[in-house]
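Now for the letters of each chain:
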Amino acid sequence: MLGTELGPALERAGLDFFTGVPDSTLSGLFAWLEGSSGYVAAASEELAVGLAVGAYLGGRAPAVLMQNSGLGRAVNALASLACLYRVPLLLVVGWRGHDGNDAPEHLLQGRATTALLDALEVPFAVLEPGRVEEGVERAVALLRERRLPAGLLVRPGTLHG
Amino acid sequence: MRRAEATAAVLAVLGDELLVAANGMISREAFACRDRPESFYMIGSMGLAAAIGLGVALARPERRVVVLDGDGNLLMGLSTLAMVGERRPANLLHVVLDNEVYGSTGGQRSISDRVVLEEMALAAGYLWGRRVEDEVALVDGLREALGTEGPAFLLVKVSPEDVPGTPRVSHAPEDLAERFRQAAREAAEA
Numbered sequence: 001m002l003g004t005e006l007g008p009a010l011e012r013a014g015l016d017f018f019t020g021v022p023d024s025t026l027s028g029l030f031a032w033l034e035g036s037s038g039y040v041a042a043a044s045e046e047l048a049v050g051l052a053v054g055a056y057l058g059g060r061a062p063a064v065l066m067q068n069s070g071l072g073r074a075v076n077a078l079a080s081l082a083c084l085y086r087v088p089l090l091l092v093v094g095w096r097g098h099d100g101n102d103a104p105e106h107l108l109q110g111r112a113t114t115a116l117l118d119a120l121e122v123p124f125a126v127l128e129p130g131r132v133e134e135g136v137e138r139a140v141a142l143l144r145e146r147r148l149p150a151g152l153l154v155r156p157g158t159l160h161g
Numbered sequence: 162m163r164r165a166e167a168t169a170a171v172l173a174v175l176g177d178e179l180l181v182a183a184n185g186m187i188s189r190e191a192f193a194c195r196d197r198p199e200s201f202y203m204i205g206s207m208g209l210a211a212a213i214g215l216g217v218a219l220a221r222p223e224r225r226v227v228v229l230d231g232d233g234n235l236l237m238g239l240s241t242l243a244m245v246g247e248r249r250p251a252n253l254l255h256v257v258l259d260n261e262v263y264g265s266t267g268g269q270r271s272i273s274d275r276v277v278l279e280e281m282a283l284a285a286g287y288l289w290g291r292r293v294e295d296e297v298a299l300v301d302g303l304r305e306a307l308g309t310e311g312p313a314f315l316l317v318k319v320s321p322e323d324v325p326g327t328p329r330v331s332h333a334p335e336d337l338a339e340r341f342r343q344a345a346r347e348a349a350e351a
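Quick mapping for you: the protein sequence lines, in order, are chains C and Y. For the first sequence, the working numbering begins at 1 and goes up steadily by one. For the second sequence, the working numbering begins at 162 and goes up steadily by one.
Do not rely on the hints blindly, as some may be mistaken.
For the chain Y half of the interface with chain C, some residues (derived, Cβ under 8 Å), not all of them [what the hints assert, rightly or not]: (1) Val174; (2) Ala212; (3) Gly214; (4) Leu219; (5) Arg248; (6) Leu283; (7) Ala285; (8) Arg292; (9) Glu296; (10) Pro325; (11) Gly326; (12) Val330.
Sample of chain Y residues with no beta-carbon within 10 Å of chain C, all distances over it, derived [as the list claims (entries may be wrong)]: (13) Gly176; (14) Ala193; (15) Gly308; (16) Pro321.
Stretch by stretch, here's where chain Y covers chain C in the computed footprint (C-beta under 8 Å, at least three residues) [said to hold, decoys possible]: (17) 35–42; (18) 50–59; (19) 82–95; (20) 122–135.
Derived from the structure by calculation, the hints contain no laboratory data. By construction, the Cβ of each residue, glycine as well, lies at the ideal position given by its N, Cα and C atoms.
This is chain C alone, in the form it adopts within the complex:
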């Protein structure tokens, strides 16, 4: 199933510490991570970013998983910690409401997601169906080039299962 390709692709790209808050968009990835000792559940997306920064300072290469609604929770952690201290962490963000077709609570967030990342000066790649490896490589290249956080946006339905 496509959903389980993303985990191994992230691992192959060198990421070895995963944290975040579950999102149904990323359920395949979460299922793959559940069996792995490299995943630490966070109580909020803000705390997940803090945890990931700590893991980086301890020598790991972290990724933070979340739904786009959680990006707002993580704004200050990104602006005054991850970006400020130049921590190259990957944000894997489920992009609910990306096309205006979703439950009402996702619509404004869906419109705001890319603008929020732009405002924080966090570059991102968008994962295309069937091109998981390529999407991961683009996102990780952004991390490595700049030694700053970068995003990988995943639209609902891109990862099946």
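Position chain Y against the provided structure of chain C, taking the given hints into account.
Relative to chain C, chain Y alone:
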């Protein structure tokens, strides 16, 4: 006991333990007292000291990690207690310097005067918890906590006085991160 005195007491007992200091006066006092590569000073992201410390502790299980937190900081990121309790890192000591105010913004009251933070930590799963109110008890508590299996929580009641003229942390944030990351790696290879 003034917070700066408590900070000095903590730094005096540390060898090469990794330290994460909360933003505001806590980092500034730690920096001014004794700057060291194993200290990570937060200058923003209030509320995240313990989450950062937990991340370091999980990444470096062979190193002792000390979080130097504040009451307002901890209250802002209180769910971190649950995260620490869940992971139960034996190498983590969480020290909270509790002056019951938000010192860096003008001394507004925090709610830690009525909330028993060390009991919350124990309820969350920390294996050791204590409250201390003077320097002798603080040093005893630190020694005991550093010699025991954690996670440990030490609440230190301090007065709200600031030391005038405490400098800001002068290192560039990215240099602080790299310096700390290097220090965290080095002892592991020793």
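Hints versus structure:
no.: 1; hint: Val174; result: 22 Å, violated
no.: 2; hint: Ala212; result: 3 Å, holds
no.: 3; hint: Gly214; result: 6 Å, holds
no.: 4; hint: Leu219; result: 6 Å, holds
no.: 5; hint: Arg248; result: 7 Å, holds
no.: 6; hint: Leu283; result: 18 Å, violated
no.: 7; hint: Ala285; result: 11 Å, violated
no.: 8; hint: Arg292; result: 24 Å, violated
no.: 9; hint: Glu296; result: 29 Å, violated
no.: 10; hint: Pro325; result: 26 Å, violated
no.: 11; hint: Gly326; result: 25 Å, violated
no.: 12; hint: Val330; result: 12 Å, violated
no.: 13; hint: Gly176; result: 18 Å, holds
no.: 14; hint: Ala193; result: 20 Å, holds
no.: 15; hint: Gly308; result: 22 Å, holds
no.: 16; hint: Pro321; result: 24 Å, holds
no.: 17; hint: 35–42; result: holds (count 3)
no.: 18; hint: 50–59; result: holds (count 10)
no.: 19; hint: 82–95; result: holds (count 4)
no.: 20; hint: 122–135; result: violated (count 0)
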